[in-house]
Amino acid sequence: MRHNKKFNHLGRTASHRNAMLANMACSLIKHKRITTTVAKAKALKKFVEPLITKSKNDTTNSRRVVFSNLQDKYAVTELFKEISVKIADRPGGYTRIIKTGNRLGDNAEMCFIELVDYNENMAKDKVAKKATRTRRSKKSSAAATEAAPAAEAPVAEEAKAEEAKAE
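Sequential numbering of the sequence shown, starting at 5, is according to this note's numbering.
What the hints contain is simulated information worked out from the structure, not anything from laboratory work.
It is possible that part of the hints are untrue.
If you anchor each label on the Cβ, the simulated ranges turn out as follows [said to hold, decoys possible]: (1) 8 / 37: 29 to 37 Å; (2) 89 / 7: 27 to 35 Å; (3) 143 / 111: 52 to 60 Å.
Okay, derived cross-link-like pairs now, BS3-like style, lysine-lysine, Cα gap no bigger than 30 Å in a straight line [to be verified]: (4) 77 / 50; (5) 85 / 46; (6) 77 / 49; (7) 36 / 50; (8) 58 / 103; (9) 85 / 142; (10) 85 / 60; (11) 60 / 36; (12) 143 / 85; (13) 103 / 90; (14) 77 / 142; (15) 36 / 46; (16) 10 / 36; (17) 9 / 50.
Quick reminder that beta carbons are idealized off the backbone N, C-alpha and C, glycines included.
Just need the whole structure built from these sequences, with the hints factored in.
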């Protein structure tokens, strides 16, 4: 039985798996979006999100911990200088997995994993939707329809009074 064994080994030894996840995390940090299989993306999400959380406070110890996992100076500086500034107010959920279909060769489920704050298309859609959406209650529309005939009544009375003066 495999009770409480949640870790996906991905068919690799521990050293191979750690090296692969570190390389994928460095690529994700550098390019902001990578294409991979769904299983690897889910494993990468569990690997990289604690590192992004660790980068929120820029101390020597947190840099050392992140570097021990990533083994890439450029990725660590990118993470602490640019990404941590952009995700400072986000309480978690720094990555997004979007499935893209199956691979032709072996029919593996493919996806791309991206950093949430770096996708301009999704950000523009959310801003546009908020701008065009309005909420109206039935009470306000009913009051507007009642107010319109009431506003027209004095105008009609004035028109009748002017006709009477003209005669």
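Cβ-Cβ distance between residue 143 and residue 111: within 52 to 60 Å? 56 Å, holds
CA of residue 10 to CA of residue 36, is that 30 Å or under? 27 Å, holds
Does residue 50 lie within 30 Å of residue 36 when you go C-alpha to C-alpha? 16 Å, holds
Pairwise hint evaluation, residue 49 against residue 77, where the allowed Cα distance is 30 Å at most: 21 Å, holds
If you draw a straight line from the CA of residue 143 to the CA of residue 85, is it 30 Å or shorter? 51 Å, violated
Does the Cβ-Cβ separation between residue 89 and residue 7 fall within 27 to 35 Å? For residue 89 and residue 7 the Cβ distance comes to about 41 Å; the hint is violated.
Would you mind confirming whether the straight-line C-alpha gap from residue 36 to residue 46 stays at or under 30 Å? 16 Å, holds
Are the Cα positions of residue 77 and residue 50 separated by 30 Å at most? 21 Å, holds
Check the hint pairing residue 60 with residue 36 against an upper bound of 30 Å on the C-alpha distance. 17 Å, holds
Regarding the pair residue 85 and residue 142, is the alpha-carbon distance no greater than 30 Å? 50 Å, violated
Checking one constraint from the list: CA of residue 58 to CA of residue 103, max 30 Å. Satisfied? 27 Å, holds
Residue 103 paired with residue 90 [C-alpha distance capped at 30 Å]: 25 Å, holds
The earlier numbered hints that this structure contradicts are 2, 9, 12, 14.
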